[in-house]
Structures are given as C-alpha cells and as structure tokens.
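Peer 1: With the sequence shown counted from 1, adding 17 to any position gets you my numbering.
Take every hint as true, because none was put in to throw you off.
Label-pair ranges, simulated between beta-carbon atoms:
#1 P214 / N316: 15 to 25 Å
#2 A153 / D85: 44 to 54 Å
#3 P214 / K164: 31 to 41 Å
Derived DSS-like pairs: lysine-lysine, alpha-carbon spacing no greater than 27 Å straight-line:
#4 K305 / K201
#5 K164 / K145
#6 K159 / K305
#7 K222 / K201
#8 K305 / K202
#9 K181 / K201
#10 K164 / K181
#11 K164 / K76
#12 K159 / K145
#13 K202 / K181
#14 K222 / K90
#15 K222 / K202
#16 K76 / K90
#17 K181 / K305
#18 K181 / K159
By construction, these hints were calculated from the structure, which means they are not laboratory data. Each residue gets a CB set at the ideal place from its N, CA and C atoms; glycine is no exception.
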Amino acid sequence: METATSIQLMIVGAQKSGTSSLLRYLEQHPDIHTHAQPEMTFFLQDPEYDRGYEWAFAKYFMGEHAHDDIMDKRLIAKNVMVMHSPEVMQRIYEHNPDIHLVVLLREPVARAYSAYWWARRRGWENIKTYEEALAAEEARLKEDWFKWRQCAYQYNGIYYPHVKSLITQFGSSRVHCILTDDLKKDAAAVCQQLFDPIGVSTDFKPLIGERHNQAAMPRSERFNYLFTQFLASHNPLRRAIRKLIPDATAYKLRKAVLDWNDKPQKNVESIPPPLSPETRERQMAHFKPFNEQLAELLNRDLSAWYFND
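Take the sequences, apply the hints, and build the full model.
Peer 2: Here it is, written out as structure tokens:
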C-alpha cells in the first residue's frame, strides 16, 4: 500500500511521445511534487535500486526542499523505459500496488524516427542512417536490451504486449493510456484527467507552453558522444565529481551543456530530414498488426496511424 512518501503516479512510456512535456505540465499543480531530473532511474538501475527507496526519495524528491514541504504533496515520477521490463514493473508494483500509470502513445513510425534522431543528438547512436540502425536493432537487442534500450526504435514502438501486461498487473482503472495527439489537442484536459485519480483538485489549469525534448541536430555529434561517455556510470572521474556536486545541480549542468551543443530550432539545418516514403511504408506494415491489437484492447480508433503524416 502507498505511504505518504510513495509515488502515486508514474509516466512509464512511451519514449518520444510527449512525456517530458506532460510531466512539466503536471508538476505545476500546487499539490504535486516531482523530480528535477528528466528521468527517475531508481527502478531501472540495479545499483540504485539496491540502495533502497529512502535513498531514492532523498536523491530525486528532496533536493533543496524540506521534508515537511513534500509530505502533503502527491509524488509523481517518469521513466519512459520501465514499461518494457516486467522485472522493473514488478519493482514498481511492490513499491506501490495502487500507483497510477500513464502511457503516452504516439504513432509508432513517427515515434521511432524521432527516437533515432534523439539518440543521434544525445550521442547514444553512431550509425549514420536510420535504415542501417533499424537493420542493426535485432542484433543489438540480442546482445543486451538494457545497453541498447535507447536505440530500440522498432521494439519500443510495439505497445500492445506491454500495455496489456500493465493492465493485467495493475488493473485497467490504474493504467491511463493517452494518445500523443490528445495531448497536443488539449493538454490541459489531459492533465485534469490525471489530477482526479491521484486526489488533487481538478480546478487547476496548468500553463501549456513549449514542447520539450524535440528532435534536432546538435552542432557536434562527436562532442555529444564524448560527453555521454564521460557521463557513463563506469567512469571513475564522473563518480568522483558527482560526490562533490548535488544531484539536482549535476543534472542542470548536464542539460545546460547538451542544450548549448544543440543548434537553434529556427536553423533549418537543425531539423532532421524527412523519413523516406519507402521506409515509412515498410514500418507502417510492420506495426499494423500490433496497432490493431492495441486498438481493440483500448477500444480506441487508431486508424489515423495508418496514414502518412
């Protein structure tokens, strides 16, 4: 059962579907508190999980806040990879079986292509064409899903089996599946839809502003790759520095450095090239049977996903 410090709502997917924007809208509510970090990796990372939730609570939710300032607020969190791991979802269930889960669902071809350019932008992907990266995906996942989870472009867009498992484990009333198109059309209404089940006022209307983490090309992919390697948990220099810098400060510094390397969105060169029609058609055929199963499971019309953008 949940406690005063347990997480009441968690965004568990899908990557590149508007999750960062949704989290920032929800956190505006005066009775909600969340983490400063873009993702809460506690349930996903074994070294963190082994340290226990009290440690994670201090790392992700305390920061510069006093404990009393948080106790009366509803805690929400986000990690867009956890829905793909039954083991991790079991950890979340054991943390709070009454938790509410949010899954944002974007048309999977567009999501996959956006994820590729996001991985290029962040230095996780070194294959220079999307088609070659797709061809490498099966071998990568056989090697190690955890290592290549950010580059699982097609796998991460097959929503049906994961959503079905979540509903089976947590119950349909606690799994909130929201289309990215719904978030774009009326983000305030989506937020109010999520305020009610966690017991905060639905009268509050968040300010809906900029979108977060949009795909773009960096000034230097090489810089982002080297910076990402520096940030890797196995780097002893990184571990030494992190002992001296508070977590919230470290994440702000990392974001500032990566944002500096991103080209301004108004620069035409910063916008990824369009997906080729041939690749789009192949991927739409690949995803179609899974989309049909998902539509039946959710009783939602997903026919718009079968047409080109």
